[in-house]
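Chains as they are written, first to last, in this note's numbering: chain B, 1 to 214; chain C, 1 to 238.
Rather than coming from a laboratory, the hints here were simulated on the basis of the structure.
Don't take every hint at face value.
Stated by the list, open to error - Here are the simulated DSS-like pairs of lysine-lysine, each with C-alpha atoms no more than 27 Å apart in a straight line:
| no. | chain 1 | residue 1 | chain 2 | residue 2 |
| --- | --- | --- | --- | --- |
| 1 | B | 195 | B | 9 |
| 2 | C | 139 | C | 95 |
| 3 | B | 75 | C | 73 |
| 4 | B | 75 | C | 139 |
| 5 | B | 142 | C | 139 |
This is what each chain is made of:
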Amino acid sequence: MSNYQRRSKDQLARRVAQDIHDGAYVNLGIGQPTLVANHLPPGIEVVLHSENGILGMGPAPSPGEGDYDLINAGKQPVTLLPGGAYFHHADSFAMMRGGHLDICVLGAFQVSATGDLANWSTSEPGSIPAVGGAMDLAIGAKQTWVMMDLLTKQGESKVVAQCSYPLTGLACVKRIYSDLATLACTPEGLALIDKVDGLDLAELERLVGLPIQP
Amino acid sequence: MIDKIAGTISEALHRVQDGATVLIGGFGTAGIPSELINGLIEQGARELTVVNNNAGNGDTGLAALLKTGRVRKIICSFPRQADSHVFDALYRSGKIELELVPQGNLAERLRAAGAGVGAFFTPTGYGTDLARHADGSPKETRVIDGKPYVLEYPIHGDLALIKAERGDRWGNLVYRKAARNFGPVMATAAKATVATVHEIAELGTIDPESIVTPGIHVSKIVRIAHVATQAGGFKQAA
Numbered sequence: 001m002s003n004y005q006r007r008s009k010d011q012l013a014r015r016v017a018q019d020i021h022d023g024a025y026v027n028l029g030i031g032q033p034t035l036v037a038n039h040l041p042p043g044i045e046v047v048l049h050s051e052n053g054i055l056g057m058g059p060a061p062s063p064g065e066g067d068y069d070l071i072n073a074g075k076q077p078v079t080l081l082p083g084g085a086y087f088h089h090a091d092s093f094a095m096m097r098g099g100h101l102d103i104c105v106l107g108a109f110q111v112s113a114t115g116d117l118a119n120w121s122t123s124e125p126g127s128i129p130a131v132g133g134a135m136d137l138a139i140g141a142k143q144t145w146v147m148m149d150l151l152t153k154q155g156e157s158k159v160v161a162q163c164s165y166p167l168t169g170l171a172c173v174k175r176i177y178s179d180l181a182t183l184a185c186t187p188e189g190l191a192l193i194d195k196v197d198g199l200d201l202a203e204l205e206r207l208v209g210l211p212i213q214p
Numbered sequence: 001m002i003d004k005i006a007g008t009i010s011e012a013l014h015r016v017q018d019g020a021t022v023l024i025g026g027f028g029t030a031g032i033p034s035e036l037i038n039g040l041i042e043q044g045a046r047e048l049t050v051v052n053n054n055a056g057n058g059d060t061g062l063a064a065l066l067k068t069g070r071v072r073k074i075i076c077s078f079p080r081q082a083d084s085h086v087f088d089a090l091y092r093s094g095k096i097e098l099e100l101v102p103q104g105n106l107a108e109r110l111r112a113a114g115a116g117v118g119a120f121f122t123p124t125g126y127g128t129d130l131a132r133h134a135d136g137s138p139k140e141t142r143v144i145d146g147k148p149y150v151l152e153y154p155i156h157g158d159l160a161l162i163k164a165e166r167g168d169r170w171g172n173l174v175y176r177k178a179a180r181n182f183g184p185v186m187a188t189a190a191k192a193t194v195a196t197v198h199e200i201a202e203l204g205t206i207d208p209e210s211i212v213t214p215g216i217h218v219s220k221i222v223r224i225a226h227v228a229t230q231a232g233g234f235k236q237a238a
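Chain B with its partners taken away, still in its complex shape (with noise of 0.2 Å):
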């Protein structure tokens, strides 16, 4: 058994921010990816993408500072920087599918090892099902990167041969970001890109269940 520490959700979060470059335009999607935001480089200026029409998205106002009218895609109060635009829901989804953006960084359900996705039903019996954006977010961008855990509550591996869950698009995925290991999802399979210290390959490949490229 090797000896190793997850990547806490903001050294998850700081390890995604490092791979994103200056002057890219990036989405980043409901709930944990939304974190990148505060780990990005010093000096570096990247342009946040919001689903409902907007670029040079800026963090949340201060306390009482909130406008119903500028929100992101999780309804919650944001800000416009400087050279930020607002536009209509056509172009804004437009934007992404005709692949102006140039990461997309999504949470998962499941990631196959060559790279579709299912990040928006469970389908549970009786579930009301909803994706909003998902699947044109998924598709659209020049790279899509999925954020989070490598296991299920349950010790499952969310990296699978293939996805049980409902399908969000199919080999979609460039990078799977995790709390044990960075992971690219390629036609031949997963290959890896770095791991947690303390944790060798073997153990990586027997909690995924997969082979992985070294």
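With chain B's structure known, arrange chain C on it following the hints.
Same frame as chain B, but now just chain C:
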């Protein structure tokens, strides 16, 4: 003389027919035409198909319209919210039909309707459960330059209800911040569009370079008060 300014909401909405498809703007707290939705409830049209990004929350606005039982079908991308209990109950008891559409396909199907496009191939949703018709049969697909696409059809509205910031008697509109969202595209996709504005400007005083929705897409505008509100209004800084 063209004068699209209606004195009251009931005057602007008096012609809504039973069975109409009503496009309703708004996303989250921004751009929801709450006053027009209330006007539609009062007007009383039945058997409606409603198109909105969500399916209402709490007990007011769209949720209140659903609660009247006058909405037969809703076309939206994200019906499930923490407080969408009105929709949830109608859906679970089979009293409302749901067509779930990825958000970008919703916007583009509206755009196609307004632009006279018969249908379009989109990569969004390919290979997923949403590339199927309501009866489960697969939607038409095509591989173009090696990339797979799904055929999607326009969503035409009989009426669009939207919220803008400022307008003039020709119906030219500008919006405020992210309250723009579905407004401009819905205005193009409906036979008639009614917009609320917070300010009516003298003709010629809105910078023509800044007009977002030209008046050709707007039938009526109604001025409403600028009140601080949770649902779609302007919240003054404390």
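Results of checking the hints against the structure:
1. B:195 - B:9: holds (15 Å)
2. C:139 - C:95: Answer holds: residue 139 of chain C to residue 95 of chain C is near 26 Å, not above 27 Å.
3. B:75 - C:73: It holds: about 25 Å lies between the C-alpha atoms, which stays within 27 Å.
4. B:75 - C:139: Judged against 27 Å, a Cα distance of about 32 Å means the pair is violated.
5. B:142 - C:139: The hint holds at about 26 Å.
Going down the numbered hints, you'll see the structure goes against just number 4.
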